[in-house]
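Undergrad: Turn these sequences into a full structure, and let the hints steer you where they fit.
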Amino acid sequence: MSIITQIKKPSELAPYLNTGVYQNFDPEIIVQQQVDLHLACVDDFGQVQARCSLWWSDVPTLENEKIGVIGHYASDNEQDGQDMPTAVLLNNACFLLKIEGCTRAIGPMDGNTWRSYRFVTDAGDEPPFFLEPDNPAAWPEYWRSYGFEPLAEYSSGLTVDLNQRDERLPKVAQRLEQKGVRFRALDINNFERELRRIYSISVVSFSKNYLYTPLDEEDFVAQYMKVKPLVIPELTIIAEKDNQAIGYLFAIPDISEQKRGEPVTTVIIKTVAVLPDSSNAGLGALLVDKVQQQARTMGYTRAIHALMYNGNVSRNISGHYANSMRTYTLFSKPFR
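First residue of the sequence shown: 1, per full-length UniProt numbering; consecutive thereafter.
These aren't lab readings, by the way, just hints derived from the structure by calculation.
Please read these numbers as outputs of a predicted model, since none were measured by experiment.
Among the hints, erroneous ones may be present.
With a straight-line Cα cutoff of 20 Å, these simulated DMTMM-like cross-link-like pairs (lysine to aspartate or glutamate) come out [as the list claims (entries may be wrong)]:
1) K270 x E192
2) K241 x D277
3) K171 x E65
4) K179 x D242
5) K259 x E132
6) K98 x D58
7) K208 x D58
8) K208 x E65
9) K98 x E65
10) K228 x E257
11) K8 x D26
12) K226 x E132
13) K66 x D36
14) K9 x D110
15) K179 x D277
16) K228 x E192
17) K270 x D161
18) K290 x D161
19) K270 x D110
20) K9 x D36
21) K208 x E153
TA: Spelled out as structure tokens, the structure:
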């Protein structure tokens with residue numbers, strides 16, 4: 001029989017660390033990511049079979065709903081039936097979120113969309129790429145069996161021909177150039193300053209995104225500073241007009257290839273952001289084209305258009321170059 005242990009402080013996780021579902025889990029993340037409550041599903045032998053964190057105080061908004069968020073999820077050695085650890089875990093999680101006044105649970109999401117979220121639900125044939133969600137195929141099925149249903153779908157696309165061009169873009173480039181738009185590579189020697197410049201674009205460009213939550217500038221900078229050693233300046237392009245940044249594309253090599261002992265032939269187009277102004281029409285597509293052509297001249301042969309919400313404009317841009325390689329799903333369960 002499984003029982004649920006409520007964890008409120010990192011020190012309370014000490015008995016479980018570096019075992020089972022807590023392999024490589026940093027307990028301080030509970031504080032850093034402002035978790036409201038952490039749950040561990042413990043069996044008769046004191047082993048944690050499943051875990052998750054709950055957020056309800058500071059979460060994304062959804063129309064006419066007060067949502068609770070379930071993240072930091074992991075499970076091990078599940079058996080079919082009502083006493084499945086995930087069923088016990090989610091039952092308690094939803095019960096506690098209802099007590100806090102929530103009308104719907106969503107997950108998996110580590111608090112907000114700036115962090116890790118979504119399950120891989122159609123893995124395709126390609127191996128995982130760097131910074132991508134990666135989960136056993138069974139995990140989303142456990143959630144489905146407890147009554148969670150898809151809330152939003154996402155995808156990643158793969159371009160295997162970097163010579164491919166969008167014939168509309170020369171006219172776009174000419175129009176933007178006539179309006180004074182210029183392009184440059186990221187200045188890696190002033191990386192923090194550059195991050196603060198693109199932060200101002202991101203918070204405006206992403207503000208209408210599905211389940212968007214504001215992110216503090218210092219947190220944004222800290223997030224990107226973690227990947228600085230991987231940044232190749234020529235693969236991050238900033239668009240400027242009148243010395244003001246109006247758009248950018250952030251791309252990095254897929255170092256997962258290197259970890260598998262393979263040559264690094266793929267770049268990951270991670271973020272495209274453009275200030276919402278009609279005079280900037282086509283700028284996002286042009287940034288994608290410029291980075292793909294730059295990657296080709298540097299010897300890369302493939303590009304991944306990563307983790308796009310299927311309702312976003314970026315999905316339309318990607319469709320000119322890439323074929324879908326992976327599907328992801330964010331789930332939800334209403335409390336009736």
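Undergrad: For each hint, tell me whether it holds in the structure or not.
TA: Outcome of the hint check:
1. K270 x E192: Satisfied, since the Cα-Cα distance of roughly 18 Å is no more than 20 Å.
2. K241 x D277: Measuring from Cα to Cα gives roughly 12 Å; hence the hint holds.
3. K171 x E65: Violated. K171 to E65 sits at ~44 Å, over the 20 Å cutoff.
4. K179 x D242: Holds. K179 to D242 sits at ~10 Å (cutoff 20 Å).
5. K259 x E132: OK: K259 and E132 at ~14 Å, within 20 Å.
6. K98 x D58: holds (16 Å)
7. K208 x D58: At roughly 18 Å apart (the allowed maximum being 20 Å), D58 and K208 satisfy the hint.
8. K208 x E65: holds (17 Å)
9. K98 x E65: Satisfied, since the Cα-Cα distance of roughly 12 Å is no more than 20 Å.
10. K228 x E257: holds (18 Å)
11. K8 x D26: holds (14 Å)
12. K226 x E132: holds (15 Å)
13. K66 x D36: holds (15 Å)
14. K9 x D110: holds (17 Å)
15. K179 x D277: holds (13 Å)
16. K228 x E192: holds (10 Å)
17. K270 x D161: Since the Cα atoms of K270 and D161 sit roughly 18 Å apart, the hinted pair holds (cutoff 20 Å).
18. K290 x D161: holds (14 Å)
19. K270 x D110: OK: K270 and D110 at ~19 Å, within 20 Å.
20. K9 x D36: Satisfied, since the Cα-Cα distance of roughly 10 Å is no more than 20 Å.
21. K208 x E153: Distance of about 17 Å is within 20 Å: holds.
Consistency with the previously given hints fails for number 3 only.
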